[in-house]
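Take these sequences, add in the hints, and give me the full structure.
Next come the chains, spelled out residue by residue.
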Amino acid sequence: MPKLIKSGQIIDDAWVLIKDANQLQDLQTLSGQNLIVPLTYWSEQQDVLRNRSGRTAVWLNSHEVPQSLGKDLHNLDVIALNFPIFSDGRAYTSARELRANLGYKGEIRAIGDVLRDQLFYMSRCGFDAFVMRDDQNLEAALGAFGDFTDGYQASVDKPLPLFRRR
Amino acid sequence: MNFERHSNHLTQTHTMYRYDNYDHQMLADRIAQFRNQTARFLKGELPGPEFLPLRLQNGLYVQRLAPMLRVAIPYGMLSTKQLRKLAYIADYYDKGYGHFTTRQNIQFNWPALSDVPDILAHLAEVEMHAIQTSGNCIRNTTTDQFAGCAVNEIEDSRPYCEIIRQWSTFHPEFAYLPRKFKIAVCGTIDDQAATQVHDIGLFIVKNESGETGFRVLVGGGLGRTPVIGKEIRAFLPKQHLLTYLDAILRVYNREGRRDNKYKARIKILVKETGVDSFRDKVEKEWLALKDGPMTLTDSEYQRCKQYFQDPQYHVLPAESPLLTKALSENVLFAGWYYQNVSAHKKPGYAIVTICLKETGTAPGDITSDQMNFVADLADRYSFGELRVSHEQNIILADVEKAALCDLWEALKSQKLHSDNRGLLTDIICCPGGDFCSLANAKSIPIAESIQRRFGDLTRLRDIGDISLNISGCMNACGHHHVGNIGILGVDKKGAEFYQISLGGSVENDTALGQIVGPSFAQEEVPDVIEKIINIYMKMRQPGERFLETFNRVGIEPFKDEVYAKVN
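Residue numbers (the numbering used here), protein chains in the order written: chain A, 1 to 166; chain B, 1001 to 1567.
To be clear, the hints were calculated from the coordinates, so they are not data collected in a lab.
Note that the coordinates shown come from a computational prediction; the quantities given were computed from them, not determined experimentally.
Among the hints, erroneous ones may be present.
[What the hints assert, rightly or not] Sample of chain A residues facing chain B (criterion: CB under 7 Å; computed from the structure): (1) S7; (2) G8; (3) I10; (4) P84; (5) Y92; (6) T149; (7) Y152; (8) Q153; (9) A154; (10) S155; (11) P159; (12) F163.
A virtual CB, placed ideally from N, CA and C, is assigned to each residue, including glycine.
Rendered as structure tokens:
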């Protein structure tokens, strides 16, 4: 089973990422599986998704904004945010908006070009699950969460900035 | 590690920010992280494209000849201990010199990549770093080099700069922006920080009740598409500084263009969105952040402010008989004094600019011997402190008037007494094609050819106040757009040519220069500058500076002269 990092541990991934809505043409074959589907499919096929067996989550590409999930976002167990390339930093803002502005409490999962050296900032922005790029060493990547002892700013993991704590 | 401890209530007078254990730990963590990343890169475990933004955000470029390390001098403040450390680094890891940039940084041109983590550890010992001096992130915050001792200051900008430095350092949300992001803060009446040509320009202002806030400009910048920043808020109460910055950055991070690096700066977003609609987006985003935990507390402001106290000035008479005597007896000293010494807020004190524009030396370059020497002078004459300016000069900000002549004598012994500050040969210049891999053309030899042509000091003084800025490519590190005379290196079918613009200014009346016309070959440049100067001298009215004459007569007379057919 594929693995991911969740809350600082390497665990089995219970979800199947559907990168392209075309993979969903024959939903029957995916019956019972937990799927992460593209935003457009999720928005347009609510009824179909409600009636299938298995849980459904959504992934957003970097240009898609969390606000497009509407109020239903609180019913989602997982929202995955895609990094088309690690240097595209839009998902950091999406994660913070999900947590701080929209009050989302479920899993925020980093998918795509997810690399060790960005994990620390991602976790400060509210990501708590990381599906690393295939070539990444997950054991070694765990070390990245301890790169820094503290941070100056308010963050999802430490809501008070250093200047209110020092 | 054994760090010096500082409590929140200082017993000692500080004139500069001092790190506490948190700040030290932050740097130590960063160095360990980068050491690990560098080791993985050198072992081939971290691919080049993935190492690239990591090394850039630690100040490390790969240049034409060798790596280049850019070290931040936060808002231009340096202690003598720090300057001596820079001299040590120049000696042991480089070729014995450094280069001050146009954004209050210093660059070393020859360090070995594998040495960089060690260099960063040396810097950390003196509370310095190279964090976010490059890359698509929030860069070193800059300010007026006279902050805290200028005449007519609204409020000292440095506590706010330090607050912004900490907010921007390792900001987890904004490390992978569409493009680089520069912030300047100005608290003086006469802006010397080029504040209007920054991604965010903050002017300290007071409202009718006397409360401090900021006039916020956004979308200024030079580079390929020069733009003067536009106001998005006339008065932002100071406690909202960081939440408002977060809101601006968040809109930019989300909506800034990522499809074309030449259109990725916030100025393009502001232009394409329209300033009013951009403001609406920021204000909307701000509603979610306003009054939240990043709201600046008065105790944090006071904590930072207490580090920027006045040094222990003596009570002095406004005028010094020693100075008056020296000025009347020594013409050379007087020449330096009138050009390089500025008024100070305290009676009997003066601000000295050490002009690093000696002909034959690249503008902004300084040797390690000179660094150590200047550090000694600062200890002796200026409370152990220095500043660097975006004009690439060093400032001794608190010198007793009575000591000026001795200081000048000392500067002479190390060829640091250039008395051309603010004159045609006080050229702002990027490293250009001699070092930089981005450059289209060389810039240092152009600066030198102009300095040689205008070597006569009497003539320079007659020409008067003028700025000449040179950039080796359209990235505009040499700020050519805002020089009274701007020179831009361009590539014309593989040959180096130079485009000249006139009428730029970076003062309170910031303006972008107008291009005179077709570009010139390298050897033509001094002649062209001479023609431009001659026209100005011919057309100026009594007391009129170059910029004023230009604004009155326009570009045509200059154009006519420069492109006149020779019969």
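Hint check results:
Nearest Cβ of chain B to the Cβ of A/S7: about 18 Å, over the 7 Å cut. The hint is violated. At about 17 Å, the closest approach between the beta carbon of A/G8 and any beta carbon in chain B exceeds 7 Å, and the interface hint on this residue is violated. Hint status for A/I10 relative to chain B: violated, with the closest Cβ pair at about 19 Å, above 7 Å. Interface restraint check: A/P84 against chain B, minimum CB-CB distance 10 Å, threshold 7 Å, status violated.
Hint status for A/Y92 relative to chain B: holds, with the closest Cβ pair at about 5 Å, below 7 Å. Checking A/T149 against chain B by beta carbon gives a least distance of about 5 Å; that is within 7 Å, so the hint holds. Annotation: A/Y152 was flagged as interfacial toward chain B, and the flag holds, the nearest CB pair being 4 Å apart, inside 7 Å. At a threshold of 7 Å, the smallest CB-CB gap from A/Q153 to chain B is about 6 Å, leaving the interface hint in force.
The beta carbon of A/A154 comes within 4 Å of a beta carbon in chain B, closer than 7 Å, and the hint placing it at the interface holds. Because the beta carbon of A/S155 sits about 6 Å from the nearest beta carbon in chain B, less than 7 Å, this interface hint is met. Here the hint on A/P159 is kept, as its CB sits about 6 Å from the closest CB of chain B, short of 7 Å. Because the beta carbon of A/F163 sits about 4 Å from the nearest beta carbon in chain B, less than 7 Å, this interface hint is met.
In the structure shown, a violation is registered for the earlier hints numbered 1, 2, 3 and 4, in ascending order.
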